[in-house]
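The whole structure should be built from the sequences, with the hints applied where relevant.
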Amino acid sequence: MINVYESVDANKRRSWLVVAGFTAFVALAAYFISRAWGGPEMFALALIISGVMSFASYYWSDRIVLGISGARPADKKRDFMFYTVAENLCLAAGLPMPKLFVIDDTAMNAFATGRDPAHATICATTGILSTLTRTELEGVIGHELSHVGNYDTRLMSIVTILVGLIILLGDWLLRASFFGGRSRDREEGNTGVIFLILGFAMAILSPVIAQIIQLAISRQREFLADASSVKLTRQPSGLISALKKLGADREPLEAANKATAHLYIVNPLKNRHDAIGWFASLFNTHPPLADRIKILESML
Amino acid sequence: MNLTLILGLVAVGVTLYVVGVYNDLASMRTRIAASIQEIGNQLKRQFELIPNLETSAKAYLKHEKDILKMLADARKMSDPSAKVAELLPKLQVIVESNPQMKGADVIGKLMDELRDTSDKIMYSRRTMIDLSADYNIKLVTFPSRLIANAFGFQTEKGFETAPEETKTPKISI
Numbered sequence: 011m012i013n014v015y016e017s018v019d020a021n022k023r024r025s026w027l028v029v030a031g032f033t034a035f036v037a038l039a040a041y042f043i044s045r046a047w048g049g050p051e052m053f054a055l056a057l058i059i060s061g062v063m064s065f066a067s068y069y070w071s072d073r074i075v076l077g078i079s080g081a082r083p084a085d086k087k088r089d090f091m092f093y094t095v096a097e098n099l100c101l102a103a104g105l106p107m108p109k110l111f112v113i114d115d116t117a118m119n120a121f122a123t124g125r126d127p128a129h130a131t132i133c134a135t136t137g138i139l140s141t142l143t144r145t146e147l148e149g150v151i152g153h154e155l156s157h158v159g160n161y162d163t164r165l166m167s168i169v170t171i172l173v174g175l176i177i178l179l180g181d182w183l184l185r186a187s188f189f190g191g192r193s194r195d196r197e198e199g200n201t202g203v204i205f206l207i208l209g210f211a212m213a214i215l216s217p218v219i220a221q222i223i224q225l226a227i228s229r230q231r232e233f234l235a236d237a238s239s240v241k242l243t244r245q246p247s248g249l250i251s252a253l254k255k256l257g258a259d260r261e262p263l264e265a266a267n268k269a270t271a272h273l274y275i276v277n278p279l280k281n282r283h284d285a286i287g288w289f290a291s292l293f294n295t296h297p298p299l300a301d302r303i304k305i306l307e308s309m310l
Numbered sequence: 002m003n004l005t006l007i008l009g010l011v012a013v014g015v016t017l018y019v020v021g022v023y024n025d026l027a028s029m030r031t032r033i034a035a036s037i038q039e040i041g042n043q044l045k046r047q048f049e050l051i052p053n054l055e056t057s058a059k060a061y062l063k064h065e066k067d068i069l070k071m072l073a074d075a076r077k078m079s080d081p082s083a084k085v086a087e088l089l090p091k092l093q094v095i096v097e098s099n100p101q102m103k104g105a106d107v108i109g110k111l112m113d114e115l116r117d118t119s120d121k122i123m124y125s126r127r128t129m130i131d132l133s134a135d136y137n138i139k140l141v142t143f144p145s146r147l148i149a150n151a152f153g154f155q156t157e158k159g160f161e162t163a164p165e166e167t168k169t170p171k172i173s174i
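Chains A and B, in that order, are what the protein sequence lines are. Residue numbering for the first sequence follows the working numbering, starting at 11 and increasing by one per position. Residue numbering for the second sequence follows the working numbering, starting at 2 and increasing by one per position.
It is worth saying that the hints were derived from the structure and are not from the lab. Heads up, some of the hints might be wrong.
Taking CB as the label site, the calculated pair distances span [unchecked claim]:
id	chain 1	residue 1	chain 2	residue 2	range
1	B	Met102	A	Trp70	30 to 38 Å
2	A	Leu299	B	His64	46 to 54 Å
3	B	Thr162	A	Ile74	43 to 51 Å
4	A	Val218	B	Pro144	15 to 23 Å
So the derived list for chain B, only partly shown, Cβ under 10 Å to chain A, looks like this [what the hints assert, rightly or not]:
id	residue
5	Asp67
6	Arg116
7	Asp117
8	Asp120
9	Lys121
10	Arg127
11	Ala134
Ideal Cβ positions, reconstructed from N, Cα and C, are used throughout, including at glycine.
Spelled out as structure tokens, the structure:
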């Protein structure tokens, strides 16, 4: 039996470890790429461009996602269970009541977004609301509220900015060398050549590595949200049977796309990629349902 | 760097830490008090809401029962056998229509509200339990326990269950 507090703490530690490793990797890659080509000014420029692009999606994440998904606001009469479950779990989590939305889709899914708990939005499909019992729905909404309480939207936005930075820097280095080499020639000799080779290697490899780490962070946050959900409801069985029902549902969600996939409780694109095995699992936003259920069962 | 400067910096650091822990403990205590008020708030909601819901559900069920009784009486009054001869040539088919019964919906909604209300009270108690636990942990872990002891912070008892509430209720319908 795993204690809920220990599980939440362990997940937080692991999550920070992954984020710290990611930050170190980005710093290292950026250093080698800018050393091989420009100077710190290239680094600053890439950071600004990547930052501005991602900031909009972070700041207006709720409106953008809701605009894409075509959701309607939930109302207490019509969506009594959804509304009251969210209300009650907010009470337990000490969070302000998020805005609630419903997507008219028979595929079962739910997601949370918004830059902080005060601007949070939780969205559920009519499929999930009509299939799950109240206890199961508590597990799912607890998971979503934990994403809100753990500032996962903020974390993933920062990670996206850093991945964008690496992609831009790598891209620029490769283009610049194509159009006639380095802009600076002060570093000649052996060190210059080594840095140039390292820089090119980094420029080619690091965008992929950065994205793999980004997805690893996303999966780690899913485990954390599961554990935090159990900490709120103290009923792992609810989330377990909800995840089993979600796993049995083979219908992909129309409104989801690659940009919003990491926000959902289960991967909404389940039918759209069919690669098998370890390599495919590197590129998943969500850990496999069987693993999540196994961990939750150890908390029973 | 001379010794006085180092000592000065250490003193500033320690003071900031002590002030920080003190403020944490004080605000946690306030939050626990607020969470106890929240439990009261939810109990008050239950106290006001449940009797009202009960009254309206009962009123509806009585209304439905009255309609049923009226229907049954009306059917009893018209004795079919006496009029068979009269009706035979016309050979009419009488379709008996009953008004839609909504009693199950009403009871279902009442049960939803009851579950929601007890959930709300349960979750507000959980907030209080969690906050007290966080606060009590600070009181027993090092180094915050030194500061808590120095300023006389007391352990929060948390939530207590009355012995009769620990028994499993029996359902009789």
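Consistency of the hints with the structure:
1. B:Met102 - A:Trp70: 30 to 38 Å: For Met102 of chain B and Trp70 of chain A the Cβ distance comes to about 50 Å; the hint is violated.
2. A:Leu299 - B:His64: 46 to 54 Å: Given a distance of about 49 Å, which is inside 46 to 54 Å, the answer is holds.
3. B:Thr162 - A:Ile74: 43 to 51 Å: 47 Å, holds
4. A:Val218 - B:Pro144: 15 to 23 Å: 45 Å, violated
5. Asp67: 27 Å, violated
6. Arg116: 7 Å, holds
7. Asp117: At 4 Å from the nearest chain A Cβ, Asp117 of chain B passes the 10 Å test, so the hint holds.
8. Asp120: 5 Å, holds
9. Lys121: 5 Å, holds
10. Arg127: With Cβ-Cβ at 5 Å, under 10 Å, it holds.
11. Ala134: 9 Å, holds
Consistency with the previously given hints fails for numbers 1, 4, 5, ordered from lowest to highest.
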